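Engineer: So the sequence lines, in the order shown, correspond to chains A and B.
Throughout the first sequence, residue numbering follows numbering that gives the first Met the number 0, covering 0 to 578 in sequence.
Throughout the second sequence, residue numbering follows numbering that gives the first Met the number 0, covering 0 to 192 in sequence.
The hints are simulated quantities; they were obtained by calculation from the structure and are not laboratory data.
Do not rely on the hints blindly, as some may be mistaken.
DSBU-like cross-link-like pairs, simulated, lysine-lysine; straight-line CA separation at most 30 Å [stated by the list, open to error]:
hint: 1; chain 1: B; residue 1: K70; chain 2: A; residue 2: K361
hint: 2; chain 1: B; residue 1: K123; chain 2: A; residue 2: K355
hint: 3; chain 1: A; residue 1: K465; chain 2: A; residue 2: K512
hint: 4; chain 1: A; residue 1: K404; chain 2: A; residue 2: K355
hint: 5; chain 1: A; residue 1: K417; chain 2: B; residue 2: K70
hint: 6; chain 1: A; residue 1: K404; chain 2: B; residue 2: K123
hint: 7; chain 1: B; residue 1: K122; chain 2: A; residue 2: K404
hint: 8; chain 1: A; residue 1: K189; chain 2: A; residue 2: K227
These figures come from a predicted structure and were not determined experimentally.
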Amino acid sequence: MKNIRKYIPISILLFSIFIGIFFRFYKIGDSPVGIYVDEASIGFNAYSILKTGKDEYGKFMPVMFRSFATFQSPVYTYLTVPFVYLFGLSSFSTRFLSALLGVLSIPLLYLLAKQLTAHVIPGFDPESRKAWMPDQVRHDNLSTKLALISAFLLSISPWHIQYSRTAYESNVALFFLLLGSLLFLKSLKKPWLLIFSTISLAISFNAYRAEILIVPVLLVVLVFRFYKVITSNLKLFLIPMILSALVGLLLIAPTVFILRTPGFQARTTSMNILSPTLQTTWGYLDNTSRLGKIINNPRLLSVREFISLYTSYFSPRYLFSLGDSGPRKAYPDFGTFLVWQFPFYLFGLYLLVKEKEHKGLKTFILVLLLVSPIPAALTRDPYSTLRSLPMVIPLTLIISFGLSKFLDLTWPYLNKSKYLILILFIFYSSVRMFISIFYHHDYFRSVYWNYGWRQALDVVPILDPKLPVLVDNSHGDTYIELLFLLNYDPVTYQRDNFEVQNTEYYTNMNRNKTKNVGRFTVKNFQWGIDTDHVNQYVIADNITIGAVQIKEHNLSIVKEIQFPNGEIALRILKTAPKK
Amino acid sequence: MKNFILILSILAFIIWPLNFFRANPQLNLEPQTIFVQDYQGRQLILRNINLYPNVYLARLFQNKAVIVTNKYFNNLFNILDLNYYFFGSHPREVVGGLNYTRLPLLTILPILWFLFITQHPKKKTFLLSISIFILIISFFINHYVYDFILWPFFLLFIFYGLEDLIKINLNFSTIFSFCLLIETIYELAHLIS
Numbered sequence: 000m001k002n003i004r005k006y007i008p009i010s011i012l013l014f015s016i017f018i019g020i021f022f023r024f025y026k027i028g029d030s031p032v033g034i035y036v037d038e039a040s041i042g043f044n045a046y047s048i049l050k051t052g053k054d055e056y057g058k059f060m061p062v063m064f065r066s067f068a069t070f071q072s073p074v075y076t077y078l079t080v081p082f083v084y085l086f087g088l089s090s091f092s093t094r095f096l097s098a099l100l101g102v103l104s105i106p107l108l109y110l111l112a113k114q115l116t117a118h119v120i121p122g123f124d125p126e127s128r129k130a131w132m133p134d135q136v137r138h139d140n141l142s143t144k145l146a147l148i149s150a151f152l153l154s155i156s157p158w159h160i161q162y163s164r165t166a167y168e169s170n171v172a173l174f175f176l177l178l179g180s181l182l183f184l185k186s187l188k189k190p191w192l193l194i195f196s197t198i199s200l201a202i203s204f205n206a207y208r209a210e211i212l213i214v215p216v217l218l219v220v221l222v223f224r225f226y227k228v229i230t231s232n233l234k235l236f237l238i239p240m241i242l243s244a245l246v247g248l249l250l251i252a253p254t255v256f257i258l259r260t261p262g263f264q265a266r267t268t269s270m271n272i273l274s275p276t277l278q279t280t281w282g283y284l285d286n287t288s289r290l291g292k293i294i295n296n297p298r299l300l301s302v303r304e305f306i307s308l309y310t311s312y313f314s315p316r317y318l319f320s321l322g323d324s325g326p327r328k329a330y331p332d333f334g335t336f337l338v339w340q341f342p343f344y345l346f347g348l349y350l351l352v353k354e355k356e357h358k359g360l361k362t363f364i365l366v367l368l369l370v371s372p373i374p375a376a377l378t379r380d381p382y383s384t385l386r387s388l389p390m391v392i393p394l395t396l397i398i399s400f401g402l403s404k405f406l407d408l409t410w411p412y413l414n415k416s417k418y419l420i421l422i423l424f425i426f427y428s429s430v431r432m433f434i435s436i437f438y439h440h441d442y443f444r445s446v447y448w449n450y451g452w453r454q455a456l457d458v459v460p461i462l463d464p465k466l467p468v469l470v471d472n473s474h475g476d477t478y479i480e481l482l483f484l485l486n487y488d489p490v491t492y493q494r495d496n497f498e499v500q501n502t503e504y505y506t507n508m509n510r511n512k513t514k515n516v517g518r519f520t521v522k523n524f525q526w527g528i529d530t531d532h533v534n535q536y537v538i539a540d541n542i543t544i545g546a547v548q549i550k551e552h553n554l555s556i557v558k559e560i561q562f563p564n565g566e567i568a569l570r571i572l573k574t575a576p577k578k
Numbered sequence: 000m001k002n003f004i005l006i007l008s009i010l011a012f013i014i015w016p017l018n019f020f021r022a023n024p025q026l027n028l029e030p031q032t033i034f035v036q037d038y039q040g041r042q043l044i045l046r047n048i049n050l051y052p053n054v055y056l057a058r059l060f061q062n063k064a065v066i067v068t069n070k071y072f073n074n075l076f077n078i079l080d081l082n083y084y085f086f087g088s089h090p091r092e093v094v095g096g097l098n099y100t101r102l103p104l105l106t107i108l109p110i111l112w113f114l115f116i117t118q119h120p121k122k123k124t125f126l127l128s129i130s131i132f133i134l135i136i137s138f139f140i141n142h143y144v145y146d147f148i149l150w151p152f153f154l155l156f157i158f159y160g161l162e163d164l165i166k167i168n169l170n171f172s173t174i175f176s177f178c179l180l181i182e183t184i185y186e187l188a189h190l191i192s
């Protein structure tokens, strides 16, 4: 019996990883249906780097990818190159990295939680390096339980699954943030690991914009927290620290150099609540009196809006009920956490304040919890789960903390039905999520995942090859869908489409509004010019070309592509020019 | 000092009733519970049922009880949302009956201080009572009409929180109380305009 018990923790961890693999890899290429333009951009640019060493605009190894002049962080794209090489350019290969790092985050959180809750045997100074030596550290019952529960809750976290199944940079940044933190803690025993910790944190810094703020703050707090451990063994730490600083500066230098370029700042400025606004500040009242000048003070209103946005990241309403309002960023009928976790969230928060032990865990949770929403709260979107993704870790740890303490308190009083209750919870949550991810999300949200382009391109080979095809671009950068789905030759594309000189890559925000992709011309569709004078095919959505207009302009429908819910996604039409 | 913090607590508190009557000029106290017939909710359930791989799963996850429990949890989470009290819901979010500030933002400090730090002999009674009220109010769709029941509790939380803060650090508490006074005046100016 004792032998069997020894294997229970590892079995639970393996089970969590298995669940994690299932929810992150199952049908990853097909669900979400379609591929969003940002994902297509990452995939095609990785393909272009693989084939030519340059991105779609012809820039050799860019520090940030220009990508629709929004400037994407480079790490995801570069790390995707090997998967594109192995599996070819597809939704699967583009999303593979995110899913892989999502799965790896599960054991990583387990190790991190264990490391953070490691007890120091009484009699040793907890601040000295000796206290962190393996034989002086023990993992108590709570430590293992907390680590296992955290790993399991992360494996079924709707928030984490959402970003592990899609090609978003923030998930990659989160993985390296976790890895860097774990290596930092490990480096207290083995100082040379500090270099690897720095490399990991520097990758995280470069991987997503929110981490530009989060990583330095976390690093400062960790160094401050273990200041005594480091200074008491300065001889051992000195060389690794100097090397780490050099490596870290070297790795973040390219990003730092372009921080002030218009390219880097374009998106930040347009989203920032503190920048001069195009819309009225939240809370503005129509009042021209002297009182109005005070109550409508833009700085006061902006600060008020920031605090309101910031507190929304702790709101149980968003966390357990509403979730992200962005249709690509949440599963239908799901908050960011499962409803039954709410009492444990409250209990965990209470324990976090009250508990005197586990200072390392508390520091880590508090820093990530308080800092992660800041970059997100500086943007206009209320409750952006994408920008605040690192919060999933402290919140999962808080819920796990509450749950493990609850189990400690109630376990002896529960009979064998406790296992049944646990299994029912797991089963209910998992099945509900399975339905939401693989049925409801694809049915209700396909429109937001650019569904239909793959199906439309399947029809193209049967069209008259002599006629050109116009693809409407008025509702997003559809050219990237074509490049991605056709596995279009990057060399040909770079030759046929010029946007800016390499020297102006980060500074010139002008965009080329017409793209040439083989027989396809991608531009904004215009009535009359594109319908009445040219004999061609047109591919457009139902908003651009409605049923009434088809009749008015004498267009003939070649093929209609439908969303899974039966609504029209795209139409392939043939013009009939007036003679 | 005790009188000052009492006056300050009440002053900070005036905002709630003033804003409440301004936001709800035609007050309708008729209770609307989560158990009322919901045609739209049923239609949604019927639509969703068709999207399940089999009828057993559909019955498990889409039934009449789901309509009620969803409403209950929505209300509960609304009432437990900090923004509900300090900002009248979230930026640019228009929610009928909820869009008014109930408390000045700075009162969050004495409230949280009382909830997490203060050792008060009646703290458990207060917390148990307010929890029961919150759980009951969540049964009402128009809970924003009844959340007035929570009003005296918050007043006590602010009062005892401030009192405790003063005991610990008088200088900080004096500066804080002054800031709270200014913010309260600012919020009242919002009301008058």
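Engineer: If you check each hint against the structure, which ones fail?
Structural biologist: 1
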